[in-house]
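Peer 1: Residues per chain, in single letters:
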Amino acid sequence: MTRQMTGARMVVQALKDQGVDTVFGYPGGAVLPIYDEIFQQNEINHILVRHEQGAVHMAEGYARSTGKPGVVLVTSGPGATNAVTGLTDALMDSIPLVVLTGQVPTFMIGTDGFQEADTVGITRPCTKHNWLVKETDALAATLHEAFHVATSGRPGPVLIDIPKDVQFATGTYQAPVKGGTKRYQPQVKGDLDAITALVAALETAKRPVFYTGGGVINSGKAASQLLRELVDATGIPVTSTLMGLGAYPASGKNWLGMLGMHGLYEANLAMHGCDLLINIGARFDDRITGRLDAFSPNSKKAHIDIDPSSINKVIRVDIPIVGDVGHVLEDMLKIWKARGRKVNSEGLSKWWAQIDEWKKVNCLSYKNSDTTIKPQYALQRLEALTKGMDRYITTEVGQHQMWAAQYLGFEDPNRWMTSGGLGTMGYGLPASIGVQVAHPDALVVNVAGEASWLMNMQEMGTAVQFRTPVKQFILNNERLGMVRQWQQLLHGERYSHSWSDSLPDFVKLAEAFGCKGLKVSDPKDLDDAIMEMIKYDGPVIFDCLVEKHENCFPMIPSGKPHNEMLLGDADTQGAIGAKGAVLV
Amino acid sequence: MAALNIKKGSNSHSAYNLRSNFSDAIEKHTLAVVVDNEAGVLARVIGLFSGRGYNIDSLTVAEIDHAGHRSRITICTTGTPQTIEQIKAQLGRIVPVHEVHDLTVEGPSVERELALLKVAGDGEKRVEALRLADIFRASVVDSTLKSFVFEITGTPDKIDAFADLMRPLGLVEIARTGVAALSRGS
Ligand SMILES: Cc1ncc(C[n+]2csc(CCOP(=O)(O)OP(=O)(O)O)c2C)c(N)n1
Ligand SMILES: [Mg+2]
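For the record, the sequence lines run as chains D and E. Note that the working numbering numbers the first sequence so that position 199 is 199, with each residue one more than the last. Counting from 1 along the second sequence, just add 1000 to a position and that's the residue number in the working numbering.
Be a bit skeptical, because a hint or two may be false.
Unchecked claim - FRET-style restraints, in silico, Cβ to Cβ:
no. : chain 1 : residue 1 : chain 2 : residue 2 : range
1   : D       : V188      : E       : D1024     : 28 to 38 angstroms
2   : D       : E493      : E       : D1036     : 47 to 57 angstroms
3   : E       : D1036     : D       : A175      : 15 to 25 angstroms
4   : E       : G1092     : D       : D293      : 24 to 34 angstroms
5   : D       : D21       : E       : G1051     : 30 to 40 angstroms
6   : D       : L364      : E       : G1092     : 40 to 50 angstroms
7   : E       : N1055     : D       : L364      : 27 to 37 angstroms
8   : D       : S349      : E       : V1105     : 38 to 48 angstroms
These aren't lab readings, by the way, just hints derived from the structure by calculation. Cβ coordinates follow ideal geometry from the N, Cα and C atoms, glycine included.
Based on the sequences and whatever the hints tell you, model everything.
Peer 2: Quick look at the structure:
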């Protein structure tokens, strides 16, 4: 179907044809024609943000919680540059986004025109791909290609820069073609010989472990389902990166908990001691591996990833499998069943006995208090009081983020939105709004640190305006806690600029925004306050005053292997012997 | 589990002090990359090398198929085998990249580079320069009473050798194209 229409109308038409229901955006001179088209229709819902960074994080939250691409519309120059952090965040965490930016008219490009920026130049390294569209006739095909590139292969953010004259001019609109553009068709089926080799290794391994990542979530719900089937049928223990939480349920019997720098003792020691490591959709990030030459020293390693450049990037693997996690897991299960569902039962039962010993260390235990709220306790209460609800969690970045990953349990994929690769403070609040827009009736909680939360707090205005009842659960330690922890452990307790001074009164701030504020400092009041937060029909800013100098454990200091984990404050002093430290 | 003894005031525990566990010998590779000839494609390739800290020893690019809008980029790079594999995989991720060939490992190939050298001088040196140019099959493409411009094609090594010989004979300027390369045979 081809039709004549203006470039601006094409944008809206292409979004409709791509099944887009929501756009997060902010207007300006260079996108006025598109905003004019948005005004004249009702199918696409536009969420007016307060800062373009917020728009991109909202789109990320929307995308991560739905599996659909998130769409952003911003103006040229400052609108585009404000989007850069969000684009980089989405690139690092493989979140599909389509970002549309306005640009000065083609005849002004290169003249330093008002609000001109070299948007494709600036965003080239922080997008999966980007385009500057110079002719209206090329716009429709480019828009469709953008959706295809963002969502196929390893997902990621893409950007289309659209000069204002291209928006005004009339051209030919083309509907999307099935299967996307020919020039970008990543391999999804894994090599069957390699998969068979992996199955053979799995059948005989004495100490195998699945190490799963965000790729399982990105592959879709079916991939998580297949993972569960494979894990449960083989009885092999499974751990996950921060990005992969929820792919295998936290209540599942083979679950070891998260691994990595602040991962669980049993998960990290299983990685260290395994003889077969099966990486499914993770990327051997440095927060996971610790010191490379001591990483999982005695294991055979297999790696399933849709992105060939992830394989052998930092860790050399024995069985590389390029393909989509869902497809590969399906083939793997089929082959394993056809070969007689074999595992090394004797080896596995010894392995589990060892893991159960490690679990007894109870690495997440902490010293609770009757007088101050421990952040871990706050999260345990949040978990207990919201368990079983239709719940989505976002986080900011810092200690609270790691505690959330440790103390909250995720039963399903797409329920946990956090900035992993880039570690972007200011992600959680806008992301929670994006999630809530996609799931209006669900409970959406942003587990925040007070410092991170301030970075994009202007978006409370968006939350109130669009009636998204997001709950901002701020673990307020009046510290840039994670920075403070590093300074304590690694910089001789010189707390250089890691205080949150002159904080706003969060309850008054909530009132100023027109939403509800709650403040708790006594552990006895915590449950009631959490219930009040959940029951309130609207956005809530929850100021939870917690212990100021709590440290996040376990911790593998950078440059250390998995078996040199710190379990508590005593470990860091070197004062108490290894066995004693375990007991603290 | 051993306790960690971190001294107060120590700063040897940066998050970024992780070192690679495979540091093999450095190799030289010639890559041929076929791309869509569209705006920004060269910037993507060059940005990949600078952004990820890879080496570019030389890079040439020109359109090779006008109707199909295809260009061929020839890149000479150095790195460990893992780095070279990464470079190829990273190039393969770029949307307008169609093919990545490692001519160094895909069988025998021919490599050629063209250079122009300006040599100024008189007397014996001038005669000697001409004599050496003849041996190297360099041709004279411009001459004045005080100077020559030589054109030479060959492998980068041959051009290096010729330039080294011209230096004491009055080499004033050199322009090199970088390497173009093709695999041998059909
Ligand atoms: C945009 C940005 N700037 C700086 C940092 C470095 N950083 C990581 S955690 C952190 C402190 C976060 O403090 P807060 O949000 O209060 O969380 P807490 O660690 O106290 O739970 C900082 C400054 C970052 N991750 N992102
Ligand atoms: Mg804090």
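Peer 1: With respect to the beta-carbon atoms only, verify the hint that D1036 of chain E and A175 of chain D lie 15 to 25 angstroms apart.
Peer 2: holds, 23 angstroms
Peer 1: Is 47 to 57 angstroms right for how far apart the beta carbons of E493 of chain D and D1036 of chain E are?
Peer 2: Cβ of E493 of chain D to Cβ of D1036 of chain E: about 56 angstroms, so the range 47 to 57 angstroms holds.
Peer 1: Could you see if the CB distance from N1055 of chain E to L364 of chain D stays within 27 to 37 angstroms?
Peer 2: Taking Cβ atoms as reference, N1055 of chain E and L364 of chain D lie about 46 angstroms apart, which means the hint is violated.
Peer 1: Within 24 to 34 angstroms: is that where the Cβ-Cβ distance between G1092 of chain E and D293 of chain D falls?
Peer 2: Given range 24 to 34 angstroms: holds, Cβ gap about 28 angstroms.
Peer 1: Honestly, do S349 of chain D and V1105 of chain E meet the 38 to 48 angstroms range at C-beta?
Peer 2: At roughly 46 angstroms between Cβ atoms, V1105 of chain E and S349 of chain D fall inside 38 to 48 angstroms, so the hint holds.
Peer 1: Between the beta carbons of D21 of chain D and G1051 of chain E, is the distance compatible with 30 to 40 angstroms?
Peer 2: holds, 35 angstroms
Peer 1: Does the hinted range 28 to 38 angstroms hold for V188 of chain D and D1024 of chain E at CB?
Peer 2: The hinted range 28 to 38 angstroms holds for V188 of chain D and D1024 of chain E, with Cβ atoms some 32 angstroms apart.
Peer 1: How does the Cβ-Cβ distance of L364 of chain D and G1092 of chain E compare with 40 to 50 angstroms: does it lie in that range?
Peer 2: holds, 42 angstroms
The structure does not agree with numbered hint 7 stated previously, though it agrees with all others.
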